[in-house]
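K.L.:
Letter by letter, the chains look like this.
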Amino acid sequence: MSESTKRAKEPRRPRLAVWKFSSCDGCQLSLLDCEDELLDVTGAVEIAYFLEASSATVKGPYDLVLVEGSVSTPHDAERIQEIRRSARYLVTIGACATTGGIQSLRNWADVSEFTRFVYAKPEYISTLRTNAGIADHVTVDFELHGCPINKHQLLEVVSAFLAGRRPSIPHYSVCIECKRNGVPCLMVSDGVPCLGPVTQAGCGALCPLYTRGCFGCFGPKEQSNTSAVAAEWKRLGVEDPRLLRAFRGITGNAREFRRESALHE
Amino acid sequence: MMNGAHDLADPVVLDPTGLDDLIAALRRRGFRVLGPRIADETISPAPVDGIDDLPAGWTDVQEPGSYRLERRTDDALFGYAVGPQSWKRELFPARLKLWSATRDANGEVAVEETPTEAQPTAFVGVRPCEVEAITIQDRIFLSGTFTDRDYGERRSAAFIVAVDCGDPASTCFCSSLGTGPATGGGFDLALTELLAHGHRFLVRIGSAAGQEILSDVETRPAVEQDFTDAADVLDRADAELRGRFDPSGVRNGLVRNSESPHWDDVASRCLGCANCTLVCPTCFCMSVEDRSSLAGDEATRTRVWDTCFSVGHSYIHGGSIRPSGRSRYRQWLTHKFATWQDQFGTSGCVGCGRCITWCPVGIDIREEVAAVMGRKEEHHADD
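If you read the protein sequences in the order shown, they are chains A and B. The numbers in the working numbering rise by one with no breaks, and the one at position 96 of the first sequence is 96. The numbers in the working numbering rise by one with no breaks, and the one at position 223 of the second sequence is 223.
Please note: incorrect hints may appear among the correct ones.
Facing chain B, according to a computed beta carbon distance under 10 Å, are these residues of chain A, among others [said to hold, decoys possible]:
1) Ala44
2) Glu156
3) Val158
4) Ser159
5) Leu162
6) Tyr172
7) Pro184
8) Gly191
9) Val198
10) Ser224
11) Ser227
Hints were generated in silico from the structure; no laboratory data involved. We treat Cβ as the ideally placed atom computed from N, Cα and C, and that holds for glycine.
Based on the provided sequences and hints, a complete structural model is requested.
P.N.:
Spelled out as structure tokens, the structure:
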């Protein structure tokens, strides 16, 4: 078989699109941050729509769609429906897309008051009553957590998609990464309040490596026992206002954390 | 190899300088020497060049869910109990690449097994409970039809300097399980640190390799006073440890109480975080992570520490067979104390107390076992 016939017989590269909703762009940036692997990415998929990388776009449908950000406006709510229709496999990336992100804090406040303070002409602002993750609006095929996402996990999700296998992304606790890294538990050795036991792994237990308690950026782990960890924080001297803020942080709109934070109001 | 002055069976005495010389002798023979060092506010095995690296005058104060280092009033080099890191990490690494594979342009797949890099390593300061834990893991990884080559090579390359326990923590209960505070077997050299009548170590020789190393170190034969002092150290530790756990009837007691409502009680407190299983020196759960490259022409398989506390660990087609915290906690405790006996002929617990200390919410397995069996646990560290 000559080289040219071989190439002609090769299937076309899957089309990748990256869409942004309410977010800081940090998770999309993780894709550009791949650096060493970036050429492999462009070799494996056709980057059809990714405004952060190129203004050249190709129309859908797309094989693999990465969605960053939360749905916070009526326009977002319509747009995500269109995107879902154009996507064969839709992956949400990051805390905003998977849980609503830090902007979900407005779900516990008066949004019209915010708009009055922030905008000169608040009447032009059209916003939904609550901010939410993508899965509250459309079916999502896979959720990749993190604030920001871990680029190795992103590459794993893309590689798994290309190979037609399940992504190897664990749902267990940050503690497991700590222990594999040889980091002793900070709660035990130093009384540091840490959300690691209720937070999903994926970051490589970054904060505990630097003797900081986990902030819960990756959201609740599987079957997160938030009340038991909250009781332990109290034993360590943490009071309700701080517990509320800890659970109502970057992933505060995730169901388990939302429920727990309400108990400390 | 035997040489001259000492018979394999005869204990000798080293002073602290002699211990320094022992470490130097091990290093001269090409051993990487790991010993207790202060790191991350804990005492954990790390490379040591000599006794100056050891935690002289430090101890650990342990309670369920709490570990703190404190100053001792003496200069003991091994005056602590056990730290968060067991020697398991050295023999059964947390991450191990098993193989990688490549596929060439013609679709031919070549698999390359990762060679073991077992470097001769001396473990200095292995506690009796930890020696027992290594013996238990030997049974897991090296007996039966399928053995673990990597573990075997690392194990053969290990030289064990055990140190008897003179200062157990409140979470320790080795004597209840017969694994301490004195070292039984399974060592190259076993030390008892003596502080009365001069700082020195009574050294028992457990192997020809241990005997050979000592030929490079100035020692003297042990005399009556040394044995009396060593017996005092161990008697004191023994008295402190007495009655902290009652292992009688545990095998059947746990199996018969598999539907005890207490499993729900402990599950309500358990974080399912897996700290207990990962600090346990005998827990051997593992998983493999397969990765493929974007181009689909490279793949790797990596073995990683896993835990029976993750939902995924018991995942089979269709779902997890231990879907609740209750079922996972029951699996862990029942396996550790009961069904382990059926599987490997011993208890899976050596009484080191790590799972108690390093549980972020301080769940004490001694109390949980007693509660599941419907008996009140009366023996407590600070009772």
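K.L.:
All hints, please: hold or fail.
P.N.:
Going through the hints against the structure:
Checking Ala44(A) against chain B: minimum C-beta separation of about 4 Å stays under 10 Å; hint holds. At a threshold of 10 Å, the smallest CB-CB gap from Glu156(A) to chain B is about 7 Å, leaving the interface hint in force. For the restraint placing Val158(A) at the interface with chain B, the shortest Cβ-Cβ distance is roughly 6 Å, inside the 10 Å limit, so the hint holds. For the restraint placing Ser159(A) at the interface with chain B, the shortest Cβ-Cβ distance is roughly 5 Å, inside the 10 Å limit, so the hint holds.
For Leu162(A), the shortest C-beta to C-beta distance to chain B is roughly 6 Å, which falls under 10 Å, so the interface hint holds. Because the beta carbon of Tyr172(A) sits about 4 Å from the nearest beta carbon in chain B, less than 10 Å, this interface hint is met. About 4 Å separates the beta-carbon of Pro184(A) from the nearest beta-carbon of chain B, less than 10 Å, and the hint is met. For Gly191(A), the interface hint holds, the least distance from its beta-carbon to any beta-carbon of chain B being 8 Å, beneath 10 Å.
With a least beta-carbon distance of about 7 Å to chain B, the hint placing Val198(A) at the interface is held under the 10 Å criterion. With its C-beta approaching chain B no nearer than about 8 Å, Ser224(A) sits inside the 10 Å limit, and its interface hint holds. A least Cβ separation of about 8 Å between Ser227(A) and chain B falls short of the 10 Å threshold, and the interface hint therefore holds.
Going down the numbered hints, you'll see the structure goes against none, and every one checks out.
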